[in-house]
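Chemist: Place chain B on chain A using the hints.
There are 2 protein chains.
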Amino acid sequence: MNRIINDPDRVVEDAIQGYLQAHANYFSATDNARVLKYPAAPIKGKVGIVTGGGSGHEPAFLGYIGKNMLDAVAIGEIFSSPTAGAFLDAFKAADSGAGVACLYGNYAGDNMNVKMAIKKATAAGMAVKTVVANDDVASAPASEIEKRRGVAGEILMWKVGAAAAAQGYDLDGVIGAAQKAIDNCRSIGVGLSSCTIPAVGKPNFHIEDGKMEIGIGHHGEPGIEVSPIQSASAMAGTMLDFVLNDMPLAKGQEVVALVSGLGATPVMELYIYYAEIEKRLAAQGVKVHRCYVGNYFTSLEMMGVTLTLMKLDDELKTLVDMPAHSLGLTQVE
Amino acid sequence: MNRIINDPDRVVEDAIQGYLQAHANYFSATDNARVLKYPAAPIKGKVGIVTGGGSGHEPAFLGYIGKNMLDAVAIGEIFSSPTAGAFLDAFKAADSGAGVACLYGNYAGDNMNVKMAIKKATAAGMAVKTVVANDDVASAPASEIEKRRGVAGEILMWKVGAAAAAQGYDLDGVIGAAQKAIDNCRSIGVGLSSCTIPAVGKPNFHIEDGKMEIGIGHHGEPGIEVSPIQSASAMAGTMLDFVLNDMPLAKGQEVVALVSGLGATPVMELYIYYAEIEKRLAAQGVKVHRCYVGNYFTSLEMMGVTLTLMKLDDELKTLVDMPAHSLGLTQVE
Chain A
-8 MNRIINDPDR
2 VVEDAIQGYL
12 QAHANYFSAT
22 DNARVLKYPA
32 APIKGKVGIV
42 TGGGSGHEPA
52 FLGYIGKNML
62 DAVAIGEIFS
72 SPTAGAFLDA
82 FKAADSGAGV
92 ACLYGNYAGD
102 NMNVKMAIKK
112 ATAAGMAVKT
122 VVANDDVASA
132 PASEIEKRRG
142 VAGEILMWKV
152 GAAAAAQGYD
162 LDGVIGAAQK
172 AIDNCRSIGV
182 GLSSCTIPAV
192 GKPNFHIEDG
202 KMEIGIGHHG
212 EPGIEVSPIQ
222 SASAMAGTML
232 DFVLNDMPLA
242 KGQEVVALVS
252 GLGATPVMEL
262 YIYYAEIEKR
272 LAAQGVKVHR
282 CYVGNYFTSL
292 EMMGVTLTLM
302 KLDDELKTLV
312 DMPAHSLGLT
322 QVE
Chain B
-8 MNRIINDPDR
2 VVEDAIQGYL
12 QAHANYFSAT
22 DNARVLKYPA
32 APIKGKVGIV
42 TGGGSGHEPA
52 FLGYIGKNML
62 DAVAIGEIFS
72 SPTAGAFLDA
82 FKAADSGAGV
92 ACLYGNYAGD
102 NMNVKMAIKK
112 ATAAGMAVKT
122 VVANDDVASA
132 PASEIEKRRG
142 VAGEILMWKV
152 GAAAAAQGYD
162 LDGVIGAAQK
172 AIDNCRSIGV
182 GLSSCTIPAV
192 GKPNFHIEDG
202 KMEIGIGHHG
212 EPGIEVSPIQ
222 SASAMAGTML
232 DFVLNDMPLA
242 KGQEVVALVS
252 GLGATPVMEL
262 YIYYAEIEKR
272 LAAQGVKVHR
282 CYVGNYFTSL
292 EMMGVTLTLM
302 KLDDELKTLV
312 DMPAHSLGLT
322 QVE
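Just so you know, the protein sequences line up as chains A and B, in that order.
Mapping to this note's numbering: the first sequence position 201 is 192, numbers consecutive.
Mapping to this note's numbering: the second sequence position 163 is 154, numbers consecutive.
Since the hints were made in silico from the structure, they are not lab data.
Since the list gives no way to pick out one identical chain from another, each pair is judged satisfied if it fits inside one copy or across any two copies.
Heads up, simulated DSS-like pairs for lysine-lysine below, C-alpha to C-alpha not over 30 angstroms straight-line:
id, residue 1, residue 2
1, Lys58, Lys110
2, Lys202, Lys270
3, Lys58, Lys278
4, Lys308, Lys120
5, Lys58, Lys270
6, Lys58, Lys308
7, Lys138, Lys120
8, Lys111, Lys58
9, Lys202, Lys138
10, Lys302, Lys278
11, Lys35, Lys308
Okay, chain A solo, but in the shape it has when bound (with noise of 0.2 angstroms):
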C-alpha cells in the first residue's frame, strides 16, 4: 500500500485539517472536529442544507460546501456514517432559524444516526426535515425502491436542494425541490479495480485484471453481474440501458448527465465514456441541458465509472443552472 498518510488511524482528522488550511474561504471549523461549515453559514433568513457520509469520496462529502451549496457537512471515517453528534452539530451550523434540509443517502449508519439527530435538533426546538437519495438502480429492483442507496446523484440533489434555498424557498418548498430532483436521479456504477482503506491496509474486494462489476456500490457493495471488460461504448449501453429500464425517456426530454470516475480512472477515459452516452441519448431524441464529467464522487483509490442521469423539468432546470461555487463544483454560467 503506497500512500501518502501519517498515522492510517487519523487519515480524515489529517484531511480536515489540510482542508481548512487551504480553503479558508470555503471551510470554517466548527467545535465539533468532524463537521465543516460555510464561513457565511448559518445565513441569515435561508434554510440551511446540511449533508454527511463517510470519507473516502472527495470531493464528496466536505467538498460541496460553498455558496448556493450546503452550509455544513457532518463527516464521517472512511466509508463509515458520521456520528448522531456530528449531523447534530451540522445541523446547529447550518440553522439561520428558518429550518434545515439535511439530504443525504440511503445507508443504515446515516438512517439511524441522522433519526436521533433530528430528534435532539426537535427537542432543541430546531426545524430539521430529510430528503433520503435513492438513485442507485443497481442496489434494488424499482418495487423496492426505499431499499436503494444513494450514489452520486445526492450532488445533483444537494445542487437542487442549496440553489432553492438560495432563492428563497421555504423549508418545505427545499425539500420538496430536493425530493424531485432525487426522484428524476438514476444511477449506475462500473467498477473495474478495489481500493484500500488505509486503516486496513489490504483491498477490500478484487476484481479480476480483464473484468468489470456492473452495479458496483461505493464502499465496493457488490454489483449485479462480474463480466469481461467492454469496451467504453458497450459499456455506456450497458448501463444506460439499466438506467433508462428504470426511468424511460420520452423524445425531447432534456437530462442532466453526471459521469464521475471512481477515483483513479483517468479524466480522458471519463470524457471517452461521456461520448458514447451522449451519443447514444441523442439517438432516442433526448438532449443533455448540462452535464458533469469528472471526479465528483470517489471511492479512494477504485478504478471505475458512474453514470447519473437527472429528468429536467423547468424548476430543475432553473435550478440546476444557477451559479454557484464550492471546491468540487463550480458553475459560473
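Modeler: Below, chain B without anything else, positioned relative to chain A:
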C-alpha cells in the same frame, strides 16, 4: 489493464470528441483535429496564449483553455509532443494580430516542434514568442537549469501569462510576466506507482510496494532516488528541502503552493500532504498566499504527488489572483 476505452490507438481522438461534446462553453474545434480553442478566441487586441503537450496529463493541457486562461492548445499523443503543424494551427487559432505567447514545457519533442512551427508562423507574418518551463528541480542541477523539465509549474506560468494578456499587456510584456512566473517556480514529484499507456498495455516502469521514487518525471522519467516510502510529513519535508535548497525563501516571503496528484492518489491524501507543507513553510516564516490542491497535472493513473512553489512579488500576485475559469482551474475570488 482495466480501462474505459474503445480503440487503444484512438484514445486521444475519442477523448477530444468527449471534451467537445461536453463543454461547448470552453472548447471549439478547429480545422486541425489536434487543436482546440476557446470559443471566443482569437480575442481582438489580446495577445493569444498557446500551449501544447502530450495527452494523459489531464486536465493539462487542454483543460486550462478558458476565460483569462489559454486561448488554444496543441494536443499530442499520450506522453508525446504535438506535431509542429498542431502548434502552428494553435498559433493561428489564438492570434488576433497582437501576437502569440507560446508557453510550454522543456522536452526535446516540444522544443523541436515549437521551433519549426514558429519558423512557419514568422514566414506567414505572425509574431510568436516563447517561454520554456523548466521548474523541475530533480531533472538537472541548478548549474544546468536549461536541461530541466517543465512540470506543474507550467500551470502557474499559464495562469500568470494569460492574466497579463487579459489585462492588456503587449506580447513582450506577456512573455516577461510568464518568464518571471516560471523563473520563480520550483517543483518536485514523488511517484508511488506506475501507469499504463493503453496502446502499450503494460506498466511503463515499476515502483515496488513500500517504495517511493523521489524526483520522478511526468512520464516516469527516473528520479533521483528510490527510498522506502515515507510518512506524509517526512515526504513533505524531503520534497520541500529539494525546492528550498534550489530557491531559498526569506522570512516574510509569500508564495503560491500547488500540490497536484499524479492521478490515482486519493484527494484526501493530497490535503494531508498539503497541511504538512504549509506547517513547514509557516515555521520558516513563509506565507502561502494562495494554494491549489488537487489533480491539476496528472500522469494517467500514477499514484504520487508533485509540489510546486512560486515566489511572489506584487505583479505576480496581482496576476495570479485575477479571476479565471476553465475546466481545470476556476477562481472566482
